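Take these sequences, add in the hints, and give me the full structure.
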Amino acid sequence: MDLLQRNYFELLAIPAQFNIDLALLDQHYRQLQTEVHPDRFVNASPNERMQSMQVATQVNAAYQTLKNMTARARYLLQLNGVDTLDENNTIMPTDFLMQQMQWREVIEDANTHHDIASLDALLNEVRSIAKSLALELNTQFNLKTYLDASETVRKLSFIDKIISDINHAIETLEN
Amino acid sequence: MAYSDKVLDHYENPRNVGTLDKNDPNVGTGMVGAPACGDVMKLQIKVNDSGIIEDAKFKTYGCGSAIASSSLVTEWLKGKTLDQAAEIKNSAIAEELALPPVKIHCSVLAEDAIKAAVADLKSKQPA
Numbered sequence: 004m005d006l007l008q009r010n011y012f013e014l015l016a017i018p019a020q021f022n023i024d025l026a027l028l029d030q031h032y033r034q035l036q037t038e039v040h041p042d043r044f045v046n047a048s049p050n051e052r053m054q055s056m057q058v059a060t061q062v063n064a065a066y067q068t069l070k071n072m073t074a075r076a077r078y079l080l081q082l083n084g085v086d087t088l089d090e091n092n093t094i095m096p097t098d099f100l101m102q103q104m105q106w107r108e109v110i111e112d113a114n115t116h117h118d119i120a121s122l123d124a125l126l127n128e129v130r131s132i133a134k135s136l137a138l139e140l141n142t143q144f145n146l147k148t149y150l151d152a153s154e155t156v157r158k159l160s161f162i163d164k165i166i167s168d169i170n171h172a173i174e175t176l177e178n
Numbered sequence: 003m004a005y006s007d008k009v010l011d012h013y014e015n016p017r018n019v020g021t022l023d024k025n026d027p028n029v030g031t032g033m034v035g036a037p038a039c040g041d042v043m044k045l046q047i048k049v050n051d052s053g054i055i056e057d058a059k060f061k062t063y064g065c066g067s068a069i070a071s072s073s074l075v076t077e078w079l080k081g082k083t084l085d086q087a088a089e090i091k092n093s094a095i096a097e098e099l100a101l102p103p104v105k106i107h108c109s110v111l112a113e114d115a116i117k118a119a120v121a122d123l124k125s126k127q128p129a
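Protein chains in written order, with the numbering used here: chain A, 4 to 178; chain B, 3 to 129.
Calculated from the structure, these hints are not laboratory results. From a predicted model like this one, the values you see are computed outputs, not experimental measurements. In this text, a Cβ means the ideal position worked out from N, Cα and C, and glycines have one as well.
Restraint ranges, calculated between C-beta atoms of paired labels, are given here:
id, chain 1, residue 1, chain 2, residue 2, range
1, B, D7, A, T142, 43 to 51 Å
2, A, S48, B, A94, 50 to 58 Å
3, A, N127, B, L10, 30 to 38 Å
4, A, E111, B, D7, 22 to 30 Å
5, B, S93, A, M56, 36 to 44 Å
6, B, V104, A, N22, 28 to 36 Å
7, B, L10, A, T60, 32 to 40 Å
8, A, Q105, B, G53, 29 to 37 Å
9, A, T97, B, Q127, 12 to 20 Å
10, B, K80, A, M101, 24 to 32 Å
Have a look at this one:
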């Protein structure tokens, strides 16, 4: 079983590129999940059981990474030798950070005033920016301008966080 | 995860929250962000005519540790020269607040915010 040696794209038999066929990813994931499910190895040797468990874990990690656009891009950069430095790189374009601040203020105000409509509007705005960043990222991967792609991934990390915060705020206000 | 008492203190009673006039030639503004957690931090310093920092304000959207880190450095910055300010290290912030390893990046954010504010101020002032 050399499955553990494969990278996530190889494991799930998906071409290693940014734009992937998500339906195909789902299909391959389900097939593989059935094949390596620990239930199929109850009567196998302890060694084989252990291996099937490791592969099943790896398959899940691969699926979670490739399914999510930002995580997929970060992983693809890593395969190309570029670290997105999410932990250490704090220098983002000032206008981008100003916008993050403004959005956070909108969320804060909306929470204070129980204003779900403005949270919905903000969600639409942020999602449309996420879409245009995804297009940008696709171009950057095609041109192999990985340092630019790395900055776009960092931007998308902020966008993902704010989308989840907006959703959380909406849920909280609705309850 | 449990926050230390010092983090809680700064989180519950943040010092020097606010905004200074970013167009004032004596004010330096540093904006930084941490992609890993989506935290955004704005730190501003104001120097007097002798080049001593007389005021510092911050606005941070993020976790308790990020807020505490920025609140703490605004206290530390007052009375320092720009060069002394630029010497503040994230390790000192992390130690003072007893930050756990997973929150070290919050102190890095605060250190980088100081550096960015100092650089902004220096770029505004005649050499």
